[in-house]
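Number of protein chains: 2
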Amino acid sequence: MTDKILPLAAVDRLIRKSGAGRVSEDAAEALCEVLEEHGMKIAQQAAVFSKHANRKTITAEDIKLATKQ
Amino acid sequence: MTDKILPLAAVDRLIRKSGAGRVSEDAAEALCEVLEEHGMKIAQQAAVFSKHANRKTITAEDIKLATKQ
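From first to last, the protein sequence lines stand for chains A and B.
Letter 33 of the first sequence, counting from 1, is numbered 33 in this note's numbering, and no numbers are missing.
Letter 15 of the second sequence, counting from 1, is numbered 15 in this note's numbering, and no numbers are missing.
Some hints could be false.
Since the list gives no way to pick out one identical chain from another, each pair is judged satisfied if it fits inside one copy or across any two copies.
Computed cross-link-like contacts, SDA-like style, restricted to lysine to any residue with a CA-CA straight-line distance of at most 25 Å [unchecked claim]:
| # | residue 1 | residue 2 |
| --- | --- | --- |
| 1 | K17 | F49 |
| 2 | K64 | I5 |
| 3 | K56 | Q69 |
| 4 | K4 | K51 |
| 5 | K4 | H52 |
| 6 | K51 | D3 |
Derived by calculation from the structure, the hints in this document are not laboratory data.
Just chain A, same shape as in the assembly (with noise of 0.2 Å):
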């Protein structure tokens, strides 16, 4: 398992809260990694519209934006 940024635990808590019965950890973690990468590909696009606004500070605004993309 590589070093994972958002806790295992809350992502098996968002499963759960789907509906879901039982959760495999595996399961956990598998979400995990698709969350990470989706908020990975937003930020990082975040970051390129608060340089491109003269700004160095990621705002909810560039965030929105990124998600719109």
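Assemble the complex: chain A is given as a structure, and chain B must be docked to it using the hints.
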């Protein structure tokens, strides 16, 4: 702010890892929301697949298949 399942500090770290300088707190909240929604959609689809396979436990294979949809 609504109750978050994924911890904001972890989402903040994810944004920082993408090369961001500074990250506003509302940026982390915005990305947190996006990731939770995305994760819930995948988990709900994975739950459908596990039931379809007559299982009560969601596995990594369910998550991977749901991610492809």
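With 25 Å as the alpha-carbon cut-off, assign the pair K17 and F49 to within, between, both or neither. Classified as between; 16 Å across copies, 33 Å inside a copy.
I want to check one pair: K51 and D3. Are their C-alpha atoms no more than 25 Å apart within a copy, between two copies, both, or neither? Neither way: K51 and D3 sit 28 Å apart in one copy and 31 Å across, limit 25 Å.
For K4 vs K51, is the C-alpha pair at or below 25 Å within one copy, between two copies, both, or neither? neither (27 Å within a copy, 28 Å between copies)
If the cut is 25 Å between Cα atoms, do K4 and H52 qualify within a copy, between copies, both or neither? Neither: 30 Å inside a copy, 30 Å across copies.
Are the CA atoms of K56 and Q69 at most 25 Å apart within a copy, between copies, both, or neither? within (21 Å within a copy, 36 Å between copies)
When Cα atoms must be at most 25 Å apart, do K64 and I5 count as within-copy, between-copy, both, or neither? Result: close both inside a copy and across copies, 21 Å intra and 19 Å inter.
Violated hints, listed in ascending order, are 4, 5, 6; each of the other numbered hints is respected by the structure.
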